[in-house]
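If you read the protein sequences in the order shown, they are chains L and H.
Start counting the first sequence at 827; every next residue gets the next number (the numbering used here).
Start counting the second sequence at 1438; every next residue gets the next number (the numbering used here).
Pairs of lysine to any residue residues, derived as SDA-like cross-links and limited to a Cα-Cα distance of at most 25 Å, are as follows:
id: 1; chain 1: L; residue 1: K919; chain 2: H; residue 2: A1524
id: 2; chain 1: L; residue 1: K919; chain 2: H; residue 2: P1608
id: 3; chain 1: L; residue 1: K919; chain 2: H; residue 2: E1473
id: 4; chain 1: L; residue 1: K919; chain 2: H; residue 2: W1462
id: 5; chain 1: L; residue 1: K919; chain 2: H; residue 2: G1468
id: 6; chain 1: L; residue 1: K919; chain 2: H; residue 2: Y1548
id: 7; chain 1: L; residue 1: K919; chain 2: H; residue 2: D1545
id: 8; chain 1: L; residue 1: K919; chain 2: H; residue 2: L1600
id: 9; chain 1: L; residue 1: K919; chain 2: H; residue 2: P1547
id: 10; chain 1: L; residue 1: K919; chain 2: H; residue 2: Q1461
id: 11; chain 1: L; residue 1: K919; chain 2: H; residue 2: V1599
id: 12; chain 1: L; residue 1: K919; chain 2: H; residue 2: L1458
id: 13; chain 1: L; residue 1: K919; chain 2: H; residue 2: Y1460
Computed from the model, here is a short list of chain H residues facing chain L with C-beta under 10 Å:
id: 14; residue: P1469
id: 15; residue: E1473
id: 16; residue: V1599
In case anyone wonders, no lab produced these hints; they're calculated from the structure.
As the structure is a computational prediction, the values presented were derived from the model and not from experiment.
No residue lacks a Cβ here, since even glycine has one placed at the ideal position from N, Cα and C.
Each chain, letter by letter, is given below.
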Amino acid sequence: MGRYRYPAIAESEVTPRALFEQRRRFLAGSAALAAAALLPGALWPRRANAWPSLLESRLEDSLPSREMAGDEALTSRRDITTYNNFYEFGTRKSDPDVYAHRLVTDPWSVTIEGEVNKARSVALEDILRDMDLEERIYRLRCVEAWSMVIPWIGFPLRDLLALHEPTSDANYVVFESLYDPDNLRGQRRSIIDWPYREALRIDEAMHPLTLMAVGLYGEPMPNQNGAPIRLVVPWKYGFKSIKSVVKIRLVKERPTTSWTEQNPEEYGFYANVNPRVDHPRWTQARERRIGESGRRETLMFNGYGDEVADLYADMDLETHY
Amino acid sequence: MGVMLFRLLVLLAGSLPGAWLLYQWWWGDLGPVPAESVVHMTGRTGLVLLLATIAFSPAFRLTRWVGFMVARRQIGLWAFAWLLLHALAWMGLDQYWDWPWIRREMVDLPYVRFGLAGLLLLIPLALTSPAAVRHAMGARAWHWLHRLVYVAAGLGVMHFWVLTRADYLWPGVALAVLMALCVFRLVDAWRYRQ
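So here's chain L without its partners, still in its complex pose (with noise of 0.2 Å):
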């Protein structure tokens, strides 16, 4: 399958060529690490460190090949980590810079089940040495009528789900984040019905614009961010986006999601940015971009209509909000 050539907000762009060569000599030095995990389970016990050492070798000298994208400027990593809404850490956009350093990522293994054919408990080194990686500079538009510009690395969520032969029964894809109150504060308040769940349809799912994401200017995934593995999906409201996924469950019927759960009228299955779908208690049309003064007219699918538009060619986008 070629790569696919995603819009980078104004020019496409490939990926830089650091991480690509990274890739080339990372892929010949693993032929022995393909060989061990040919080993029964007890011989290959899940060990820390497995992947934050695999990603760090990855990532070597893969810095952002540029600070703009097109005429729009990257957010800041700054304000990237520390203007956030990671309710597990607090409601505040100052408590997950402050608090995140609780999250335990290591070792992660994301459980993929349902309607798969190859359903299994995958650890996230098994993932990173399966999946080629690539920077992707996406918008994202949280509902809250703000706006950033950011430079992720990961993998295409389909490549993820082909490994596992989804079934034809498959119609929804369904994210859990991590449950762990002990260590994100947040959780202790039922501000919403923990853990966080998110889901796609499944041609959402099967995007190539879709990504799993466990970078972002060219490091691993901030924990603030959603460390170490979050979904990234550009054309919807952020909140679509879900952090630290432990879960990923293939159904059959549309399930439930936790805002749309938490208040229906306001958070809707889709959730696509459309700036002519008002929030009930505040405009859609516009955006604050973060780092910039002044408001943005917010764009259509966030400005990725060329690529996404088809998928909701037969539906009233004002009902399917």
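Start from chain L and add chain H according to the hints.
Showing chain H alone in chain L's frame:
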């Protein structure tokens, strides 16, 4: 406690948040969106001081300590100053004095309308706060006018409630405090009439 000491405490309560704000501004500690931080901080401070102002009357009723009556105008004016600053920070730092923008936000955002309505109601109260004006008005008219503070605080809590997303802890606390103060005021008025 001496009345003068209490007045000094009210002075500190009204001014120290400003010192803290200037300190954070100076050291660039206001976060990725300084305008938003200033708007939030001034609004919270103003609402707390406004509820404290309303609480001074029942505090006097319960304790019969004259300090609360002496300092009530002082803290009320601090509350007004912070809420005015809140609105000015929003118009200036957030909306750049761009009147079409400000009008657009008023049309689109109900919580902006609630907040501005509450602030407008406080203006006649601030203007009639000097002792001379109060005497000229007569106690009856003055007291009647100043009951508007309950309406203004109600609009302020509504403003806070409507702009909040999901976590209603602090708007809930503000609402509970305001409701307790209203109940106390009504019970007190009823007992006075008996």
